[in-house]
Amino acid sequence: MRGLEEFKEFYRKKFYPLLCEIEKVRKEAASNSIKKILLTLSLFGALFCFLFLYSYKLEETPPWYYLLYAATTGGCVTVIHTIVNRNFATFRRRYDDEVIGGIVRFIEPKLKYSPAEFIPFKSFKASRLFEERVDRYTGCSLIYGLVGNTVISFSQVHAEREEVDVERDKDGNTHTRTYWVTVFRGTFFVADFNKHFNSQVILKPRNGRIVKNIFFRSSKDILLEDPEFNSLFKVYATDPVEARYILSTSLTRRLVELRRKLGCKLFVSFISPNVYIAIPNWIELEPSIYRSVLNYKRFENYFFSLKEIVDIVDSLNLNTRIWSKG
Amino acid sequence: MGLKEIGILIGAFIFLLLVFRIYNVLVATRNAINYALSSIDALLKKRCDLIPNLVETVKQYMKYEMNLIRELTLLRTQAISGNLSLQERSEIDSKISRHMRNIIVSAENYPELKASSNFLQLQAALNEVEEQLSAARRALSAAITDYNNAVRMFPTNIMARILGYKEYEWYAISEESKVLPDVRRLFER
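Sequence order for the protein chains is A and B. Mapping the first sequence onto our numbering, position 85 (from 1) lands on 85, and the numbers just tick up by one. Mapping the second sequence onto our numbering, position 31 (from 1) lands on 31, and the numbers just tick up by one.
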C-alpha cells in the first residue's frame, strides 16, 4: 500500500491542480450565494418593515399578525438555506467524488466512497459489540470494496439511546426531560474474515485487573497465552476451542499492535463470516464551504486516518487465504 | 425469630451458595478438559479423513515417495482401527503429522502437482485442520491450567479433596514431535 512520500507526490502532481479547480468552484458558489443572500435579505427585510409599519395602522395587533412575522423570518431562513445548498451542490459533489473519492482510490484503487451512506444498523447489531438499546442510528462516509482478496466496508456511525428523567416539583407535578446518550460514535469496520468458523468471539476493552483464579472468573471469559493481549482485551466466546482457532497467537499479537497503532480502545467481534471492529474515533470527511480547500495538512490527515483503517486488512493479515475459505 | 437466628440462616445460605459455586467451578473446569480432548479427537479424525484424498492426488505425480505414501495409508488404517492406548494413538498421530508434512514439502519437486487445484484445496484443508488442532491443544492446556489451579488453590482445593479430584497430567508432546524436523534430509529427497 502507498506511503506518505507517494501521497506527497500525488498531491503535488495530480491533486493540487484538481484542488485549484474545485477551489474556483467554491469561490464562484460563495460569490453567487452572497449576491443572492443579500437580495433575499433585502426583499424579506422590506416585507418585514412593511408588516411592522402596517401594524401601527391597526387599532389592535391581532394574534395572527405575529404569525406573519414568524412566517417571514422562517421563509427568509428557508430561502437562504436553499440558495446555499443549490449553489454549493456542484462543489460538494465534486469534493466528495473527486477529492475524498480520489484519496480513497489512491489508498486502494478498488475502494469506493459514498458520502451519504453508512454501515447498516443490521450489521451494527449483528456485531454484538454493543448490546445496549439503540433508539437513533445515523452515519456517513461509507467506504467499501476489495482490498486484495478481502471485502471490507467502513463508515462513521453514531448510535444513541433515549433516556427520560422524570422529576416531581414541590406541587407534585411531574416534569419529563428527554436526552440522548451515545452508545457508540466513531468508525465501524466490517471485513470478511479469512477463516471458516461457526461460533462467536467478542473482544471488549478490559477495564480493571485480570482475574486468573477461575473461582472469581466467568467460564466464558477466556484468558489467552499473551499477557499483554489479556491486559487489553476481555474475550468472550461461545466455544473456547474455536476462539483459539480464530485468535491464533499471531492474531492476538497483531491485535495488540493494532490497538497500540490506533491509540484508542478497540471493540472487536468475530461473527461468521465477518470480523467487526468498532473504533471510537470519528473521522470528519464533510467539506467545509467556508474554508479554502487548498490546505495540504487537512488532506494528509485524511490520508493517514483512512489509510490506518484500510491497513487493518494487512495488520490482521486478512489477505492470507491459506485455509479452505478462499 | 430473633436476630441471631436470622444471622445464622443468612450465614448458612451464603455458605451453601459458596459450596455450590465451588462445586460448579470444579465440574466446569473438568468438563472443559473433556471438551478440549473430544475436540482434539474429532479434529484428528477429520485429518485422517483427508488422507485418502491426499494419497489419491499425490500418487499420480510422486514416483519416488511411494514408501512414504504407503506408510501414511498404513498409519491411517491403524489410527481408525480403534483398540489403541492413548500413548499409541498419540504416537500414530504424530507420525501421521510428520508424513503429511513431508508429502507437502516433497510436492515442491512436482510443479504439476503443486499447480493442481485438488492439491491446493487439500493443502488448504490440511492447513485449516492443523491450525484447528493447535487451537484445541491450546484450549486443552488452558483448561488443564484452570482445573489444576482449582484443585490446588483455596477455597476450591477443599472441595476437590472431598470429591477426590486430583491434578491432571499436562498434555504430553510425544517424543517424536519434540524432535526438530531434519530440513536438509527433506531437501535431499
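Errors might be hidden in some of the hints.
[What the hints assert, rightly or not] Computed list of lysine-lysine pairs in BS3-like fashion (alpha-carbon distance at most 25 Å, straight line):
1. A:297 / A:307
2. A:297 / A:112
3. A:212 / B:166
4. A:110 / A:307
5. B:95 / A:220
6. A:112 / A:307
Note that these hints are calculated values from the structure, not bench results. From a predicted model like this one, the values you see are computed outputs, not experimental measurements.
Margin query: When the structure is checked against the list of hints, which entries are broken? Sort them ascending.
Written below: When the structure is compared with the hints, only number 5 turns out to be violated.
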